[in-house]
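Line order of the protein sequences matches chains A, B and C.
The opening position of the first sequence corresponds to residue 1 in the working numbering, with each subsequent residue numbered one higher.
The opening position of the second sequence corresponds to residue 1 in the working numbering, with each subsequent residue numbered one higher.
The opening position of the third sequence corresponds to residue 1 in the working numbering, with each subsequent residue numbered one higher.
Just so you know, not all the hints are guaranteed correct.
Said to hold, decoys possible - Covered stretches of chain C (chain B as the covering partner; in silico rule of three or more C-beta atoms under 8 angstroms from a C-beta of chain B):
(1) 172-180
(2) 191-200
As the list claims (entries may be wrong) - Now the in silico label distances, taken between C-beta atoms and shown as ranges:
(3) B:G38 to C:P113: 22 to 30 angstroms
(4) A:P69 to B:A112: 21 to 29 angstroms
(5) A:D169 to B:A112: 43 to 51 angstroms
(6) B:Y190 to A:G63: 23 to 31 angstroms
(7) A:E171 to B:V257: 50 to 58 angstroms
(8) C:K54 to B:S33: 45 to 53 angstroms
(9) C:N61 to B:G139: 22 to 30 angstroms
(10) A:V16 to B:N212: 41 to 49 angstroms
Rather than coming from a laboratory, the hints here were simulated on the basis of the structure.
In this text the structure is predicted, and so the values were computed from the model without any measurement.
Note that beta-carbon positions come from the ideal geometry of N, C-alpha and C, so glycine has one too.
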Amino acid sequence: MVLSCHDVRKTFGANVVLDGLSLDVGEHEVVALIGASGSGKSTLLRCVNLLAEIDDGTISLDGEDITDPKINPDRVRQKIGLVFQSFNLFPHMTVLDNITLAPVRVHRRPAAEAKEQALEWLTRVGLADKAGSYPDRLSGGQQQRVAIVRALVNSPRLLLLDEVTSALDPELVGEVLTMIRDLKGDGMTMVLATHEMGFARQVADRVAFLDRGRVLEQGPPEQVLGAPTEARTRQFLARIIEAGRL
Amino acid sequence: MTSELYRPSSIQQERIAYRRGKAIRSVLLAALSTAMVGTLLGLLITGAPGWQRVRQSFFDPHIARQFLPAILQGLWLNIRMLVVCALCALALGLLVAVLRTLRGPVFFPVRALATLYTYSFRGLPLIIVIYLFAFGIPGLRLQGTPNVTVLGGAAIVITYGAYLAEVFRAGIESVHPSQIAAARSLGLGYRQAMRFVVLPQAVRRVAPPLLNDTVALQKDVGLISLAGPIDAIRAAQIGVAQTANFTPYVVAAVLFVLLALPLIGITDWVTLRAARRQNAGA
Amino acid sequence: MVSRYTFTTVGGVALLLAALAGCAPADSPSASASASPSADVCPAGALDTTTAGKLTIGTDNPAYEPWFSDNKPSNGKGFEGAVAYQVAERLGYPAANVTWTSVTFNNAIAPGPKAFDFDINEFSITPERRNAVAFSSPYYLVRQTVITTKSSKIAGAKSIADLRTAKLGAQVGTTSYQAITDLIKPSAQPQVFNNNDDAKAALVNGTVDGIVVDLPTAFYMTAAELKDGVIVGQLPQVGVPEQFGLVLDKDSKLTGCVSKAVDQLRQDGTLAVLEKTWLAGTGGAPELS
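Isolated chain A, as found in the complex:
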């Protein structure tokens, strides 16, 4: 088990967002989280990344309890990559500097080596010519792919993707999804929160439907998306189909 969440509880004030949620992710597995807004998808990812502190339960990475207060969260975050819906590239740095910041400053790799690796990745995703550009010169799709590369160069054990295509124009979504598919081919362990049901069907090994802070139903995509057992899952999917997104 790369990631093991057990009985995780998270509240914001009086609002219970995660209510005893349990989820396991094995090596090389790709798990898609689906659910309505407020169901806890983003919160779960932020808790796994220790950006938010859980109120109860445990989260383990490779068997180690990362929610232990004695653990240094920065060290944990070096092993986990998180990509955001709004890309969050650093606007005052070039694309190359964005990508090499963490390898050089956190992992203490030599600058030349980090730059070489960054350029390799950029070439692979077809953005080598943008290495010296500032983020404001890139399209949304390009920025998101840079954000994913930025998370990948640290060779994380686990990559978390939080609705990474939701802020993109439809014709740009494809290039990001292609990249994620390639990463799966590389064997990257990923948890992705998404609204793209078609994509979840193609790329996920397992789909987990979150409802009211718990995993209500999970299983292979054909089962959860095609023939869900729970009523609420069916209701949710019906709304998605109505919106023309399935």
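Based on these hints, arrange chains B and C on the given structure of chain A.
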């Protein structure tokens, strides 16, 4: 392809001609009224009975020439103090701002001290602080008391540092939390996130008000003169007293404006450049 | 085609012009060349003063000892306080018809109508200043004096050369500052202060080694205000002797009469008596050379 063959239609040409005519009329009217008002003001001032006396009293070229060297020498003190005090105040302000934004209950005493500092020194008039430092501290007769210029400079740095700290703090807090989240997600520690992600953006955002404060500082460093050293205004004041004529003040004023122009130019340039970079990803 | 907007603009400008023209410059007394006083143009108590029937005298605030007393010029004490009331009397204004007003140095030299008839405030007469103000005849001969405290390094100085290595200070706008730069020429730049109180504080702190003030102020400070105050010595008079005069507006019609009054005080010995009364003990200060 088609743009090469495009020619405006006759309707469009009419519109262009009309707008051009209207624009020319506006400009002519503006120029005419400006000229009229300007001429009238000029006549009013120079036609006033007291004009000769005023011109002699404020715009005497001999006296201007006579005291220009002394005023320039005083201005040199202003410039030196400006550079040193500005750098020190910026450093102090940045430090205090970072201290004020530290999170976590363990840092409460530090935050409290920093807040107390910014509250009290923004309220204290600079003149009083200079008096306290330049006349009070030497009175204690401690070993190794620095000279009044250093003490006065320290007073200016401490007072302006409080203002700059608040400007920096506003800049730091204006950096979207998602930036910090992204930095932390990459494994950067708090200090690293501040240094590489937050502060560079914060400083660029508040560059305009910072530079504004620097221009204000340029004028306030002259207050050091009440402790004894002769700055440009004091040199002008000496000339005024010697000749019973205000021209040296006018000379000093012109020099101050000239000194501020490069700073103002830099402010505008920095503002324009920073605005470009701010909204990537939006 | 003239639009409505054009009419508004032209109308606005016309209104502005009318308003400006309406601010007719105030009538000011025509500059008359009254250089030579003659007896019949000084009617006692009926001069062309700012307030008819009253004499308005100006001085600065605070008004220092021994020139005034208790910062209240109206009590007539202090050398300049006494001289002012004597001049007023000679002009035909008894004490009851004298009002005092606070006048800063800048007010006194500014062009434009003055709020006083004459100003008395240790103004030294110089040719340069005559371009901006009118002076009466002089009423006091000034000597610049170096003072310090007993612990200062120049306490025992005997000559100007001994002062060259010292850090000296003076009040801004006084001929004391010029005396330092012209006569002593020290290697360290002299320090300049807003007023004699600050200069005194700097002396007490030791941030200056000594300060230069006029002789009566020197005696007063060392006797009454400074602990262990010491008079180092008087600076030599170089060139035209420095003298105090009353200050009037450059175009004032009273200059002749006021000068005449001062001359009378000198001729009948009043000035000497007042000096002895208020500036006693100002003899016997060593001379520096």
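Hints, verified against the model:
1. 172-180: Held - the region 172-180 of chain C has 5 residues with a Cβ nearer than 8 angstroms to chain B, which meets the minimum of three.
2. 191-200: Since three or more residues must qualify, the claim that chain B covers the region 191-200 of chain C holds, with 5 doing so at under 8 angstroms.
3. B:G38 to C:P113: 22 to 30 angstroms: With Cβ atoms ~28 angstroms apart, the hint holds.
4. A:P69 to B:A112: 21 to 29 angstroms: holds (25 angstroms)
5. A:D169 to B:A112: 43 to 51 angstroms: Because 49 angstroms falls inside the window, the suggested range holds.
6. B:Y190 to A:G63: 23 to 31 angstroms: At roughly 27 angstroms between Cβ atoms, G63 (chain A) and Y190 (chain B) fall inside 23 to 31 angstroms, so the hint holds.
7. A:E171 to B:V257: 50 to 58 angstroms: For V257 (chain B) against E171 (chain A), whose Cβ atoms are near 55 angstroms apart, the range 50 to 58 angstroms holds.
8. C:K54 to B:S33: 45 to 53 angstroms: The hint (45 to 53 angstroms, Cβ to Cβ) holds, given that K54 (chain C) and S33 (chain B) are roughly 49 angstroms apart.
9. C:N61 to B:G139: 22 to 30 angstroms: holds (26 angstroms)
10. A:V16 to B:N212: 41 to 49 angstroms: holds (48 angstroms)
Checked against the numbered hints listed earlier, the structure breaks none of them; every hint is satisfied.
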